[in-house]
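Asker: Using the sequences and the hints, build the whole thing.
For the record, the sequence lines run as chains V and Y. Taking full-length UniProt numbering, the leading residue of the first sequence gets 1, the next gets one more, and so forth. Taking full-length UniProt numbering, the leading residue of the second sequence gets 1, the next gets one more, and so forth.
Calculated from the structure, these hints are not laboratory results. Be aware that a few hints might be false.
You can't tell identical chains apart in this list, so a pair holds if it fits in one copy or across any two.
[To be verified] Straight-line Cα separation of at most 27 Å, DSS-like style, residue types lysine-lysine; simulated pairs: (1) 89 to 43; (2) 43 to 7; (3) 89 to 198; (4) 198 to 248.
Remember, it's a predicted structure, so these values are computed and weren't measured experimentally.
Protein chains: 2
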Amino acid sequence: MNTSSIKTAAMLAIGDELLSGRTKDKNIGYLADLMTVAGIDLKEVRIVADEEDAIVEALNALRSRYDYVFTSGGIGPTHDDITADAVAKAFGVACIHDPEAMELLAAMYARRGIEFTEARQRMARMPEGSRHIPNPVSTAPGFIIGNVHVMAGVPQVFQAMISHVVGLLPTGAQVITRSITCPFGEGDIGTMLAAIQKAHPETSIGSYPHFDGTRFSTELLVRSRDLQAVSLAAEAVEAMVAELAAEKERVVMRDQGTGELA
Amino acid sequence: MNTSSIKTAAMLAIGDELLSGRTKDKNIGYLADLMTVAGIDLKEVRIVADEEDAIVEALNALRSRYDYVFTSGGIGPTHDDITADAVAKAFGVACIHDPEAMELLAAMYARRGIEFTEARQRMARMPEGSRHIPNPVSTAPGFIIGNVHVMAGVPQVFQAMISHVVGLLPTGAQVITRSITCPFGEGDIGTMLAAIQKAHPETSIGSYPHFDGTRFSTELLVRSRDLQAVSLAAEAVEAMVAELAAEKERVVMRDQGTGELA
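Answerer: Here is the structure:
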């Protein structure tokens with residue numbers, strides 16, 4: 001497996017409302033699902049406020065470290081929408097009223113008989129040299145500069161934009177995931193699972209506890225870009241779960257003291 | 001208003017499952033709500049994978065910058081639970097089987113007649129010198145070292161732990177928020193709202209667009225720790241919305257060409 005061709009990504013979600021709890025983010029999970037399907041490794045997510053310094057610093061850290069950066073939020077027409085300016089500052093270029101975006105927006109508002117105000121013109125702002133990300137929902141485009149993809153925070157618009165963007169990217173080999181439901185808690189399986197992980201280093205085995213209010217169970221995920229490796233590790237995990245179940249059964253039988261065993 | 005006493009915080013959510021999309025995080029929004037109620041400013045959130053280097057780096061960046069750091073995830077008994085080790089490494093101290101945690105867990109498993117396996121003992125690991133965060137759900141404690149509060153990722157356990165932790169912290173003056181529902185999109189209000197924000201610099205006025213599938217409306221939030229400042233700015237915003245509504249009404253009347261006006 002050629003791992004050098006695997007692309008990495010980060011997301012930067014921008015908005016005071018995400019940090020105050022007013023808005024519960026829906027874009028991170030959506031992007032994460034999409035990256036998994038596209039075979040791109042999402043490595044990090046950050047959420048920052050609508051503050052220029054915070055955006056610039058986070059963006060520069062992420063864009064130098066990962067192949068792709070995706071941002072959400074802060075590209076609307078109001079005073080707290082400062083993402084375009086912050087991205088321009090991070091790249092050290094001017095933030096302009098993009099002529100093509102101005103035309104698109106002017107035409108759309110003219111059709112609807114709505115004044116193309118100064119505030120609405122803010123939605124055409126982007127760093128000089130950016131390419132557009134189309135917005136089929138409400139016209140105002142997102143933009144791409146370098147490896148940074150700047151999109152709206154409103155989930156319907158974000159989803160439309162990211163779907164377009166993912167279509168532009170060279171996708172990698174998809175990570176194959178096998179899920180094994182395990183009725184036992186992590187304490188029951190931890191030692192054996194660690195041994196299985198050690199024996200199958202080319203896979204990543206994750207253990208995800210679930211608490212139903214009374215007891216813990218676990219979902220076990222075996223992940224790799226190598227199908228055969230996933231199959232072998234998943235078989236070992238399934239055998240472990242079966243063995244544990246059989247053992248628990250023997251303990252119950254013994255404790256109940258059935259006639260045959262007594 | 002004495003702003004020097006206002007405490008800042010960051011959250012570090014740890015887990016491959018958050019980045020693959022398998023798990024949609026519920027702890028960030030919960031923490032954000034709690035911080036707002038406690039009057040603590042949540043300034044940044046990061047999500048990283050179960051990778052030691054990524055955890056150490058993010059933790060050191062956040063703990064040096066903010067008053068409090070809260071982490072979720074990676075303190076269970078399986079091999080992919082490496083948060084305790086990573087936190088110890090970030091602080092440059094040993095990661096030990098905490099004697100008090102070992103006692104708590106041993107007693108709990110003894111009561112339930114369950115073997116206290118090596119995997120289960122992993123849940124007693126924490127950086128030397130940590131204090132416990134009680135876990136009323138499943139016993140295994142979280143821990144506090146320096147300004148870092150390390151909690152479980154399972155939402156029920158995270159919520160119990162963070163509620164306890166918030167009770168320990170000196171809380172600040174709460175941010176007062178006034179919400180104004182605005183039936184107009186951001187393009188209608190952007191210029192006027194920017195002027196209001198400029199006239200009320202001691203408040204933070206946020207504009208949150210909502211798209212119902214056909215048209216945009218907006219929720220406007222005025223926030224400050226100063227009640228009078230919030231009231232004055234909110235009045236200005238309400239007056240703006242009322243004026244816009246009246247203007248739209250006049251336009252409709254004119255366009256309909258009523259007898260009186262014709």
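Asker: State for each hint whether it applies.
Answerer: Now the hints, each set against the structure:
1. In the homo-oligomer, the alpha carbons of residue 89 and residue 43 lie at most 27 Å apart both inside one protomer (24 Å) and across protomers (21 Å), since each shortest distance falls under that limit.
2. Taking the shortest alpha-carbon separations for residue 43 and residue 7, only the intra-copy value of 10 Å comes in at or below 27 Å, while the best inter-copy value is 29 Å.
3. For the homomeric pair residue 89 and residue 198, the shortest alpha-carbon distance between copies (22 Å) is at most 27 Å, but the shortest distance inside one copy (46 Å) is not.
4. For the identical chains of this complex, residue 198 and residue 248 are intra-copy neighbours only, at 25 Å inside a copy versus 68 Å across copies, given an alpha-carbon limit of 27 Å.
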